[in-house]
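Asker: Got chain A sorted already, so can you dock chain B onto it with the hints?
Protein sequences, first through last, are from chains A and B.
If you count the first sequence from 1, you need to add 19 to reach the working numbering.
Every letter in the second sequence is one number past the one before it in the working numbering, and letter 371, counting from 1, is 361.
Just to be clear, a hint being listed does not mean it is correct.
[As the list claims (entries may be wrong)] Calculated lysine-lysine pairs in the DSBU-like style (CA-CA distance at most 35 Å, straight line):
| hint | chain 1 | residue 1 | chain 2 | residue 2 |
| --- | --- | --- | --- | --- |
| 1 | A | Lys1006 | B | Lys246 |
| 2 | B | Lys188 | A | Lys1006 |
| 3 | B | Lys411 | A | Lys922 |
| 4 | B | Lys296 | A | Lys963 |
| 5 | B | Lys411 | A | Lys842 |
| 6 | A | Lys91 | A | Lys519 |
Honestly, the hints are just simulated from the structure, not real lab data.
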Amino acid sequence: MNRIFLFSFLLSATAVFAQTTPVNGLKTSIPEHYALQNATIVVSPGNILHNATIIIQKDKIEAVGKNIKIPKNTVIIDCEGKTILPAFIELNSNVGLPEVKRKSRSSRPQYETSKPGAYYWNESIHPEISASELYSENIKQNKELMKMGFGFAMTHQQDGIARGKGALVSLMKKNNGLMQSELTSFFSLKKGTSNQSYPSSQMGSIALLRQTFHDANWLKDNSETRNISLENLNTQRTGNIIFHTDDKYEIVRASKIAKEFDLSFNYIGSGNEYQIVDELSAINSTVILPLNFPKAYDVSNPYISRQIPLSDLKDWEMAPMNPVILKQHDINICLSSMNVKNAKEFWSNLRSAIQHGLSMDDALNALTLEPAKLIGVDKTMGSLEKGKFASFIVYNKNPFLESAKILETWMLGNQDVQGVEANSEIAGEYNLIIEEKKLPISIAGNSDKYTGKITFTSLKEGVKKDSTVNLKVINHLNDITLQFNIDDADWKGSITLRGKTNTKFGVFEGGGFLSNGKWVKWTAIKTDKANQENDDPVQYEVDTINHAWFPNIAYGFDSLPEAQNIVIRNATAWTNEEIGILENATLVVENGKLTYVGTGKFKTPADALLIDAKGKHITCGIIDEHSHIAISKGVNEGGQAISAEVSIEHVIDPDDIDIYRQLAGGVTTSQLLHGSANPIGGQSALIKLKWGHSADEMLVDDAAKFIKFALGENVKQSNWGSQNSIRFPQTRMGVEQLYFDGFQRARDYMKEWSAYKKNSNLNKPRVDLELQVLSEILQSNRFVTCHSYVQSEINMLMHVADTMGFTINTFTHILEGYKLADKMVEHGAGGSTFSDWWAYKYEVNDAIPYNAALMANQGVTVAINSDDAEMGRRLNQEAAKGVKYGGMSEIEAWKMVTLNPAKLLHMEERIGSLKAGKDADIVIWSDNPLSINAQVESTFIEGKLLYNVENDVLLKERNNQEKARIISKMLADKTPLNEKRTFIKTKKGHFHCNTIGEESSTEQNHH
Amino acid sequence: MKYLILLLLILSSNISEAQSPNKILLINGFLHKGNGETIKGALVGIENGKIELIKNTLAYSYQASDWDTIIDLQGQHIYPGFIAPNSTLGITEIDAVRATRDYREVGIFNPHVRSQIAFNVESKVISTVRTNGVLISQATPRGGIISGSSSVMKLDGWNWEDATIAANDGIHLNWPESIMNHRWSSEPIKASEKYTEKKAEIYSFFEMSKSYSKMSKNDKIDNRMEAMKGVFNGEKRVYIHANELQQLMDIIDFAKHFNLNFPVIVGGYDSHLITRQLVDAKIPVMLVRPHSLPVNEEDDVNHCYKLPFLLQSGGVQFCIQNQGDMEAMNARNIPFLAGTAKSYGLTEEEAISSVSLSSAQIMGIGKNYGSIEKGKSATLFVSKGNALDMRTNQVILGIIDGQFMTIENTQEKLYKKYAKKYEKQKKD
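Chain A extracted, bound-state conformation (with noise of 0.2 Å):
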């Protein structure tokens, strides 16, 4: 029996799977069997063996426990004081592969492919690029995820909407490292570095990763189609689909496409999850999670530190509890080393999550076994079972623990000898022995540098004293040199020592010279024990003083607010109803509904809140009828002319702060509009202003359909500068061209449809996204509201729409309706528009303030809409404006916020007045709500009070407590300075109905 040490050889051996490669040279010959002996093996999650034996045969572990037989021809390793943990698997990589790079683009907006060949018409849909084709090994790469423990990683090409299939990599390569490819494939919702126009949004990309699986589906049923990129996706259904997603909203979103074509997705997420475990939960996919936690900022400048938002400081403080709240939840989670710096990072990171609650072996499993299970390699990896590949990394401690050093990692039964150890750690307190002369000395620090002191009698002028100098300790493995100078009875000068360490027994021993150049023998002796190594688990305090509040910014809910009965008495209420502005009114409200409104008798119902409104108004909630907060990643899609596939519905932001404004000016319902880059522009979304509840919560579940078109300077890029001049129109007499051929093609996409649904022989159509929403529109089961200013393109669309059929519900902005009021009534149409805004643009320069009250005299239902998060918290103040221009009676005025934007919602049976049966979607306002002088006291939505302004008030006191406690745990933070972050502020932008592209605009915009 071979008996070897750690550090005594570097082993090299032919690749097992190498089989079919012919040699260069004469074969080399292998041991059969390694057995690494005395080990701690962590076997898989909660199975952790100690003095234990595992025992390899080519690329495989043979055996695994204690006491077991050791075959014949064995190498065996002695693996005393050391642990091995079985190699993780890194799901989200792409190590190895080419940077992907943009093509080259010129300055005109690219509309078509730029790829030849049979492939989907979208360069960001390219689900046929295949990892395992264009991977080569990257040592570099491949050495600091080993650092960090992994021994696989799956890789793929990180661009584009459908990115490709992976290839599961072994990072220690003897053959060409492959281990699986075609069986996973990757997906997101980012476009990456494709050229095209299309998609500028994110609902683009939603919808864009809708019609393709659409497509796919058809050619399924067309075989004489041949196209090489839905061909891969139709085989991708079926494997293991990795989404990734840049925000926790992006998974409930993905999941929406999961759950409509019976797809199972599982996510790579971005950190926040935390913030959605309930949502989560539901979905019931694995979640693979960035070790990637926020650093602390620099906190130091309190000019600057009160300008921190408080949502990123208490993402700061939470986003190490992600993976263990997630796990409480009973949330599936896979831990990757994505956006993690360096190998030491990551390890502290994976500490930080262990101290913040996370178990060990949770950790583990989410390294190990959970990834293994997800693109279904368990049989073969993710623990250290008999059967499985040997890929395992030999400890000097429990890395999960503390600092742990990689002494060896085995990948496939290959071993390599990361570092060596160095026989642990021999700080403590020695007596050196020289020639029977006894001198103490103290060694401290760590392997990576020792520092010593030693003590020795000197004699100056003939008094004994007791001097201390410092001792050069050099320690290699088990080498050992020290130096000193010494000034005694016996020796003066320098002493130098050399020799091997036993740290199991405390004892050095080796040879030297002395100051006089004598050769002596020393040994060096042990006297304490309080450096000895500690057996004992590390155990942390974990960290339970923070929550997520609903949502995790400031003004956020600690809980979510119930829906309450409530009485309110002696209220001036302007019901909106023939009764008009009723005193000393009583208003019931039982299960988020209203029951009672007048003035005569009600019936109290239980636990009802009791609320005096003597002086005040109350009103119904306000209704925006055009607004762009609370939307993620793009408010248009502008990159083609007609985008009626896409939907504000699918990117609502709940998280947005606007929401909470609004509130605070007694609005209750807004209609998320799309903005007005393109003629035909999506879908939109009617919500409730439900603070702290999800984008679902807060979608209004019986609405009317609707989707936004627009006419004018924004369609035909006007004003977007001269390189923006191809699109197809340009021009207004382009516009109604469009409009024509859009509807005709969507005639004949309904004609096809059910001339198959009356023949099934017939080849089934495709679906089309866009034509199925036009179609909508002309069987009136989804209405317009129409971005419109000069009466010349508004009167053009109206005979569109007679000539194919249907109405146009709403023009919004409408600015100069009051010229064609007349046609208009005729049509059947309603008028959104502003209060007093013009000369922005060319085309408002006829904008009169008199619009509305014009309009409202000729029979149009007329509205004021905001457009703009800032106004659309005043509306009160605009609808009063009507009184000014153009002489509107107070009620008419106030209608014009509530009961008339609800009609053109096709909601008056639920919300717009005070009303028995309808909503409870209540305002308290401190005043005429038309006067200058209204605040908003109370806003209740459905029963649930979500605004206050005497809760504001202990909100705000809350926000700023937590902000300090955080900022004070910053400033403790131990984070070395120039690691920690320095806060770059960023204006908080506003989607307007021209803002292109993902990112939010804070310039001032054209409407």
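Answerer: Below, chain B without anything else, positioned relative to chain A:
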């Protein structure tokens, strides 16, 4: 007495197109002087464009024959002409049309660039602004570090010379952002380093101009430096645009360092945090548009509504301005900005002052403008009701330097034209 004009008459006639009468007497008005005082049933006498008489109608008997025109206001409100400080009104017409934008010149230090000569007295936008009671504006260039020199203008006149109240009243200095990063720069700048650098640039420019201004005779004329002279001899104000605390503190130092006579902070989002320092340094603030959203997520939702009250309580001199989105056309909403400030803490008269006397004083025209006081210019308007409330702001009469202004604007003309169309349709 030549005419006794009834209100109906004023509403329907176009007085200003004729020569205005020389001696005008307004009686029975509710007078808001602009300096905090009010008189119910007031009598205001105007002669040669100046206010010559302010009395209580009940306590004063006038000789009707002494006046060319007497107007009985029947209890309606008289206000000093409101002011739109720091505005591009008149130097832009249609925001999206480049040809109409005259407020941003090329260059970083442009003190020599003057808005006065680009001011379009016939701007259609202006016609809609004065009809809400805003009668004076400070035409202000934008861009660069020093955008240029502003001028205070009347919103009615035959040409820019005629309309000028104060030419080149001050230069506008855009203080660099201390920690802001702009979206379009891909790499986050270590903003604080950049900040110091940019501040140094400003200091060095001011040092240079200061030394130039001290020279008795300059061999070579430098127009930039010439334009800066006024800053150091006390003729020109320095309007320093900044919002954030660090900037504001640095501006106080800067003003001290150069011993600036009239520094003014424009913006002042964080100014409520340092009211004592601002009072000590005697620096007034033209406040950020009250109808603005909070900058930081945790800021008070109504922070900008409340700022005027916070400065009032802190004893800082301030006024309201309107810089921001669509500021030219939005200048007509300045009365309602003051109204909102009133709703959030100011008294009514304080709110009025914040868009009249206080603005005039800050711009250095307070001696003659900004309030209705004896000896001052007769620049005022009458509103049927409270001018700070949208519902009741109905301007029926405006006088600028003693001249009646045109009360009908281009928008009203269109209104009447189409109202007539529909009336006719109804009859048919």
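Asker: Going straight from one Cα to the other, do Lys296/B and Lys963/A come out at no more than 35 Å?
Answerer: 27 Å, holds
Asker: Are Lys91/A and Lys519/A close enough, with their CA atoms no more than 35 Å apart?
Answerer: 32 Å, holds
Asker: Run the distance test for Lys1006/A versus Lys246/B: straight-line Cα separation, threshold 35 Å.
Answerer: OK: Lys1006/A and Lys246/B at ~30 Å, within 35 Å.
Asker: Please verify whether Lys188/B and Lys1006/A have alpha carbons no more than 35 Å apart.
Answerer: Roughly 20 Å separates the two Cα atoms, so the pair holds.
Asker: Is the straight-line distance between the alpha-carbon of Lys411/B and that of Lys922/A 35 Å or less?
Answerer: The given pair, whose Cα atoms are some 27 Å apart, holds under the 35 Å limit.
Asker: Just to be careful, I want the Cα atoms of Lys411/B and Lys842/A compared with a cutoff of 35 Å; is the pair within it?
Answerer: Within the cut-off at roughly 13 Å; holds.
Every hint from the earlier list agrees with this structure, and none is contradicted.
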